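Protein chains: 6
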Amino acid sequence: MERVSIKDLKTDAWLGKDVIDTYAVRKIELKTVAADGKQFCSLELGDATGRIDAVLWDKADAVFKEIVAGDVVKIKGLAGKYRDNPQVKIELIAKLARGDYNPAHFLTASSISRPDLEAGIRVETASVSQTYLVKLLKAFFGDAEFMRTFLDAPAAKLWHHAWVGGLAEHTIAVCRLARAAHKNYDLLDLDLLVTGCLLHDIGKIREFTTGTFIDYSDEGRLVGHLVLGDQMLMEKIGKIRDFPDELAKRLRHIVLSHHGEKERGSPVVPATLEALIVHHCDYMDAHAAAFTRIIRREGLQNKRWSEYVNLIDRYIYLAGSDDDRKAGDDGNLKLF
Amino acid sequence: MERVSIKDLKTDAWLGKDVIDTYAVRKIELKTVAADGKQFCSLELGDATGRIDAVLWDKADAVFKEIVAGDVVKIKGLAGKYRDNPQVKIELIAKLARGDYNPAHFLTASSISRPDLEAGIRVETASVSQTYLVKLLKAFFGDAEFMRTFLDAPAAKLWHHAWVGGLAEHTIAVCRLARAAHKNYDLLDLDLLVTGCLLHDIGKIREFTTGTFIDYSDEGRLVGHLVLGDQMLMEKIGKIRDFPDELAKRLRHIVLSHHGEKERGSPVVPATLEALIVHHCDYMDAHAAAFTRIIRREGLQNKRWSEYVNLIDRYIYLAGSDDDRKAGDDGNLKLF
Amino acid sequence: MERVSIKDLKTDAWLGKDVIDTYAVRKIELKTVAADGKQFCSLELGDATGRIDAVLWDKADAVFKEIVAGDVVKIKGLAGKYRDNPQVKIELIAKLARGDYNPAHFLTASSISRPDLEAGIRVETASVSQTYLVKLLKAFFGDAEFMRTFLDAPAAKLWHHAWVGGLAEHTIAVCRLARAAHKNYDLLDLDLLVTGCLLHDIGKIREFTTGTFIDYSDEGRLVGHLVLGDQMLMEKIGKIRDFPDELAKRLRHIVLSHHGEKERGSPVVPATLEALIVHHCDYMDAHAAAFTRIIRREGLQNKRWSEYVNLIDRYIYLAGSDDDRKAGDDGNLKLF
Amino acid sequence: MERVSIKDLKTDAWLGKDVIDTYAVRKIELKTVAADGKQFCSLELGDATGRIDAVLWDKADAVFKEIVAGDVVKIKGLAGKYRDNPQVKIELIAKLARGDYNPAHFLTASSISRPDLEAGIRVETASVSQTYLVKLLKAFFGDAEFMRTFLDAPAAKLWHHAWVGGLAEHTIAVCRLARAAHKNYDLLDLDLLVTGCLLHDIGKIREFTTGTFIDYSDEGRLVGHLVLGDQMLMEKIGKIRDFPDELAKRLRHIVLSHHGEKERGSPVVPATLEALIVHHCDYMDAHAAAFTRIIRREGLQNKRWSEYVNLIDRYIYLAGSDDDRKAGDDGNLKLF
Amino acid sequence: MERVSIKDLKTDAWLGKDVIDTYAVRKIELKTVAADGKQFCSLELGDATGRIDAVLWDKADAVFKEIVAGDVVKIKGLAGKYRDNPQVKIELIAKLARGDYNPAHFLTASSISRPDLEAGIRVETASVSQTYLVKLLKAFFGDAEFMRTFLDAPAAKLWHHAWVGGLAEHTIAVCRLARAAHKNYDLLDLDLLVTGCLLHDIGKIREFTTGTFIDYSDEGRLVGHLVLGDQMLMEKIGKIRDFPDELAKRLRHIVLSHHGEKERGSPVVPATLEALIVHHCDYMDAHAAAFTRIIRREGLQNKRWSEYVNLIDRYIYLAGSDDDRKAGDDGNLKLF
Amino acid sequence: MERVSIKDLKTDAWLGKDVIDTYAVRKIELKTVAADGKQFCSLELGDATGRIDAVLWDKADAVFKEIVAGDVVKIKGLAGKYRDNPQVKIELIAKLARGDYNPAHFLTASSISRPDLEAGIRVETASVSQTYLVKLLKAFFGDAEFMRTFLDAPAAKLWHHAWVGGLAEHTIAVCRLARAAHKNYDLLDLDLLVTGCLLHDIGKIREFTTGTFIDYSDEGRLVGHLVLGDQMLMEKIGKIRDFPDELAKRLRHIVLSHHGEKERGSPVVPATLEALIVHHCDYMDAHAAAFTRIIRREGLQNKRWSEYVNLIDRYIYLAGSDDDRKAGDDGNLKLF
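Residue numbers (this note's numbering), protein chains in the order written: chain A, 1 to 336; chain B, 1 to 336; chain C, 1 to 336; chain D, 1 to 336; chain E, 1 to 336; chain F, 1 to 336.
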């Protein structure tokens, strides 16, 4: 039997039918009816295709003690509506262990394969020859555990590269743009520049949690990925004997200033050419990836213009694009 | 006898000495002494190395009628000071005809040779194969007169690429960055993108006057290079039979939106991926060129930090750069 | 039988009843039900009183091929709801030819008659006596086709003068305010000022499409009415022999700077007294027209304050206005 | 013997010569030489043509006790320089009584005569017929002492109408623009509108001191002319029996909101049509007067562009203006 | 029988049941069904726990003439839904006189008792010893009617201290913070500072109406509490013989500048140390009270983070707070 | 013989006289005369009273190799002028060793004694009783070397507390304000709050260099004191076994968010009540200290208003302050 995705479950086709399938728990709260003191669980279920509200009345208290946000559960329930929103009334619920479900059902992954992403990163690290930078990159990317986490990380919750592998995709794209800048500007120190690109967003590994859905971690919100990245950088540097002070300062400056302006959360603004270029490449790729996602999604609907995009205060022009180009998934990077 | 540059003329070494040499007239005003009604000319002289004030008392009225800003003159005068600023007291003055002086004395030129710049542009135009874009580029760059003016133009009055050939340098740099972006993002139409890069700043040809010094033209200030460029574009398109409307709209959108935000003078913001990329590449190159100029100028003085740069509200870090890199002139582009 | 306006059709009085009438198609999309692959058309219908969603299941594919946004159709359908929003379930649909419907059902028109608007414009053009400006105005307003389009154009999609004839109303209002300014400030060149007022918004003719509803055209969004107006101006000027350069520059500066600030989309800011005054008169009339519309609409409901007006971040005070004044339609200009 | 204006005194023609004439004291401080404890007075002298520094060594302490900023003094002194700035070394100084000097030497006055300004105001007050507004206007402009102060007041320290009579000039200009607006918009209550225009800036009477030069008063800076004007308004209204509350609220709203935006110092933004129009007319006249002053001052020097005007971040275009127009003083209003 | 709060009435438990109870009328409008011309009243009912929509068909016209917003009514009605929002269909309605209902049902009150709030204010006024400030404070807080109104007033409609007694709570909190500042900075005049704190927000008494719910008064929106407070201050000062001018100016400057920046509605910015400190204490307390309210409300729901708080553009971190602290009502001030 | 302070040296009393004394070298550059290739050193000398330019011609190259910015030198030179600015022509120069000069001549120190400052800090640290916070504070303030550096540090280069001991003064003042806040708001965790205050600015120890004058260090500009402070915090926490994660996150959030807004350089904005209060107290004290410094400096000159203060865009009102209060040095904190 085929899986019932949440996107399908929310259509009228499923209204009034029973569903038995596996979903991630995004939220779970225990609530009380004011009138009679009865308790129930209010849940949000999710998978890679969307989210749906759910409610559970039976043994709510016990269920609430056992299941937490992030768990994957198998449910039997009735697809209905509450206040005109799709809602599942859960009858049976059971927590699944890690091996008992397919993680790919819950998190979207990059359209580029994991080995290809890894290879893309390796190409960049291999290009660096300055002794201390080689050691530093090895300390990060030579560590299998780090590499695994890096390849799992998204680059954002919603806006751009919001999928498993998104951080790697974005990092590779930024490296490539920076190489082109280096061909233009001979004051640039290429090894420092590439290292800066590779490490500029490593803090995102700790900024996001990506068990069964992408969300901000507590330290992601309280500290932010720029400072988390700087901290990770200084920890590794602290373990490399005689790592030059000057180089350390320049690297952490790249990480901390890469948002380009204080208004966008950089505690310092770029004061070196390398930091300036990393900022511009980062910004260009984030913008380009967001445009791409919108053009691909909305461009196939025969519309001339996208819906209004609040985050960048504009409509995007869709007409006149070649249909072949628009087809495909959200991915934006051509790796080969 | 060697030329006395204005930079030298302002040093104490020339104080009190007579100078006979050739300078450009940047400003000339006829003034009257309130006390006795006597008239004099107040001038500003210039060459590629700087500016100096000058005063002329003899036959001021006649001189004022003959000489206008932009002329090159031969003067005999006394190097002195007025209110503690260097000033030349002019005794004799004569206007020179175009062939009688060396233009290179008055305007700084790109560190890249004119043939190299032209070749750099030709590489880009030759890469375009879409029929109507080929016709359009030919209408511009195939016109010798346009090409001559294009290669003479600066990209700014002061901030970046403020020299003869600056527009060509900047245009080539932007094309190259855009090509790198195209390698990343397959939704981009490469021919449209490169054409957009080549034409994005053509309005600067009319925004600046560059006889013997760079200044804004009247229409440069009243209309601006974005709209002047759009107008030049539409004039050429109007002469190409059956030029597709869709393509015309996309091209002029690139030209008009390339400053990226309304606050920076774009009447519309980028709504296509090509326009977005041209904007980012333009912005990155302008920033990089300004950083380069400051690092080269100030980096050789054994300072750790530049003076405060008002336009970008920051100091630039100079220490730790390789001295070899810093040597050389203001130029920033590696052409080959 | 009386027409069923969309405003009425959305009330509960029509719920569950059959409706047969004529509406404009504002949007039409072909969609597919994920569950069973069935296709249907999702439409938005409109007339001068509002918009309503509609759905059509029968021969959706064929209908979608025949009917496009902007068409006027006769439908037979059932007034119902979907997810608690009014929706018409269309059973029969047929496209109407231009002569087969009354355009006034679909677009609101100015409360001032077309001949009165035309007369109002003629008063202004007739007041200009400077030779080249007379020729220029004749090239525009002496062209019957231009005049027809001008009188059809709105001045906005939603905010102020968003109706047929709105552009003419706004233009006349701005001319009159500018004349008052001229009585105050003798440096103003009256002929240039009036011409500037008459032409400042002509680009709106091309910025909006106004078949059966007002919307932005593609070039409206990609180029904007300031640059479109400048282009139209330069085309006419190009056909007038010996039109003085100085005058051309001053006119296009008025058109391009009339939004007053870069943040509001002017690529250049007013640098002449005439441009400054056109900007202020334009801004005052737009503001006053928006206030008037809100006071008239909400003022009759016995409220002391309007709802919050997001676009100008404030409530408008309605109490204490004379009821006679508030009565009437949205129109704001007293022509005679 | 002719008066030596400060403008002349600062030219080289007076360098090293003795001057005996009458000037206003703009500042006076008692200072001590660190090295030897000797005291001296550091002064700033002024008249309608400018300012000059002065120093006085003899009996500095006694002079400092007698003379305060705002006094007019007769001095004998030597025109010289200090650190390259013009400076008068005062040998003798004596304070003059009010009748002993000509006030016109110290403050610039409007180019429109006082009776004409008064007549201009009377035309506006006479046009109002609503009972309570008539009483209110009489309470202000029917009071000879108020009228005298009103006609003496400037509208600013530097930027626009910075002269005796400036407030009246500006007030008349604003009334006239508002009348034109009333011809356009029939929702406007004309009597309320004109009264609002007449009273919008009355707080400036207390915001500035205008003895021998224009400066901010303490309450001008601590309270501001909007709130001072509102206070003056409420004092008069408090003395008119049965003045309608609704009318009072609408009037003070006009006064308090006339700067249009909080950023420009209005504690509330316009929420009535009358307040909106007063704001726009006020703003237009201030802008137009500032442009006029700059065009008149700089336009006669054969320059195409003004110097950069910091307050409005732009150059003003001077070329092409009719010379006749530019001639004359700073005044901007055509009264008849 | 227990009261049916609006919070309860909106739950599904009451759906379809009859309710007979007492509510405040927040809004009442008379509307007409387009289709058949039938009239009905559309109401908003409220109490201290929330708001609910209501509709009344019977004798709508008569009811509309008798009942106005702010009245308290007894109704008999049916709890239902309209367009999926809770709505009461009113069958019977009767207006209640002031004594016939319990005001505490309609307005939330401070968690601190009225006598305690009054005592808190008295402690502050009693601390002041400067003669004229003592007289001034007596003129306000020695007036029983003023004191009653002051203790009834809220400090805001929604954001912080939005309850009866909120103004007193906020005023006491600000006084205490200012005393701490005085212990740090010896330039502060303590009596002036405390008086400034006590009076800084008195205008709020007139800015809000608080009959049966908190709303802005007309003059609250048209004039604002800063200027209303300044006016109240000047009225009292005007009645105190020989009140020093200097002191009056300093006090009104505190009141008018306490929002700290023009953008936040202060017509002048703090120019004295006392005004600066009052501003900072006011701002800190408003912020702290808003955080407290959110932490208390959302913190008990086992969430780690609050919902997004638009007004301050952030999430608030809830995890890790001691549960004891979070329990309790919205109140934030520890009085003893 | 008494020391010649730089403030004195710049007066005319010293013009043309020989001076022999000890100064700090703030800048030293080796320059070349264009005309004849001669080399000279251009220096800036300083002490606690000010700065002066200096020039040295003799053995410039050798001197430049030996002396660097930050050194203290004994010079023999002639007090003169160059281009109307005071300048010392140095004849003899010799570098002094650390023990050979009095550091107090070069850096201003707090008006509060070092033991008093230390005691002030100890009072705060002693108040904390939570186990892990006690350990953490001991790790910082129990380390004599840290304490020494902390007591030496300024809180700024120019704006507030720009002297030795300034960081301690500011830190104590912030702690005290926060204690007052805690008395108001019972949700605050007092130990966490006080610890946050004590540590919020520790990064300033590394942000500034304070040998013989205060300047930014390289990492001060490239990293900033917020991130440097966070790094120091995490280093100490890393050495405390079992330091709770939750507590660590809350502390670093206080340090990183204490500037309150991204625009002012905080990478994250306050999301906990403790972080919010530390921000407000920090901001209030910085503002109050800057006001105090200006009032003290300018208030004794019999002026009613300070000069315009660019950094906060306003004049400060000086009149009416008690002279006793104004007397004294720049210090602002009352410690006892």
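Treat the hints as calculated values from the structure; they're not laboratory data.
Values in this document were obtained by computation on a predicted structure and should not be read as measured data.
We put the beta carbon where it would ideally sit given N, CA and C, even for glycine.
Be a bit skeptical, because a hint or two may be false.
In silico DSSO-like links for lysine-lysine, alpha-carbon gap of 30 Å or less [what the hints assert, rightly or not]:
#1 K7/B to K262/F
#2 K236/B to K135/C
#3 K303/C to K38/E
#4 K81/B to K31/F
#5 K65/B to K303/D
#6 K157/D to K81/D
#7 K236/D to K138/E
#8 K135/A to K81/A
The following label-pair restraints were derived from C-beta to C-beta distances [what the hints assert, rightly or not]:
#9 L30/E to I20/C: 30 to 36 Å
#10 W159/C to A104/E: 42 to 48 Å
#11 V123/E to D245/A: 55 to 61 Å
What the simulated footprint calls covered on chain A by chain B, stretch by stretch (three residues with Cβ under 8 Å from a Cβ of chain B suffice, anywhere in the stretch; the number is not a length) [stated by the list, open to error]:
#12 55-67
#13 182-194
Evaluation of the provided hints:
1. K7/B to K262/F: violated (44 Å)
2. K236/B to K135/C: holds (26 Å)
3. K303/C to K38/E: Status holds; Cα separation ~21 Å.
4. K81/B to K31/F: Distance ~22 Å between K81/B and K31/F Cα, so the pair holds.
5. K65/B to K303/D: Given pair K65/B, K303/D holds - Cα atoms ~15 Å apart, limit 30 Å.
6. K157/D to K81/D: holds (28 Å)
7. K236/D to K138/E: holds (27 Å)
8. K135/A to K81/A: violated (58 Å)
9. L30/E to I20/C: 30 to 36 Å: The hint (30 to 36 Å, Cβ to Cβ) holds, given that L30/E and I20/C are roughly 33 Å apart.
10. W159/C to A104/E: 42 to 48 Å: For A104/E against W159/C, whose Cβ atoms are near 45 Å apart, the range 42 to 48 Å holds.
11. V123/E to D245/A: 55 to 61 Å: holds (57 Å)
12. 55-67: Since 0 is below three, the answer is violated.
13. 182-194: holds (count 6)
Violated hints for the displayed structure, listed by number in ascending order: 1, 8 and 12.
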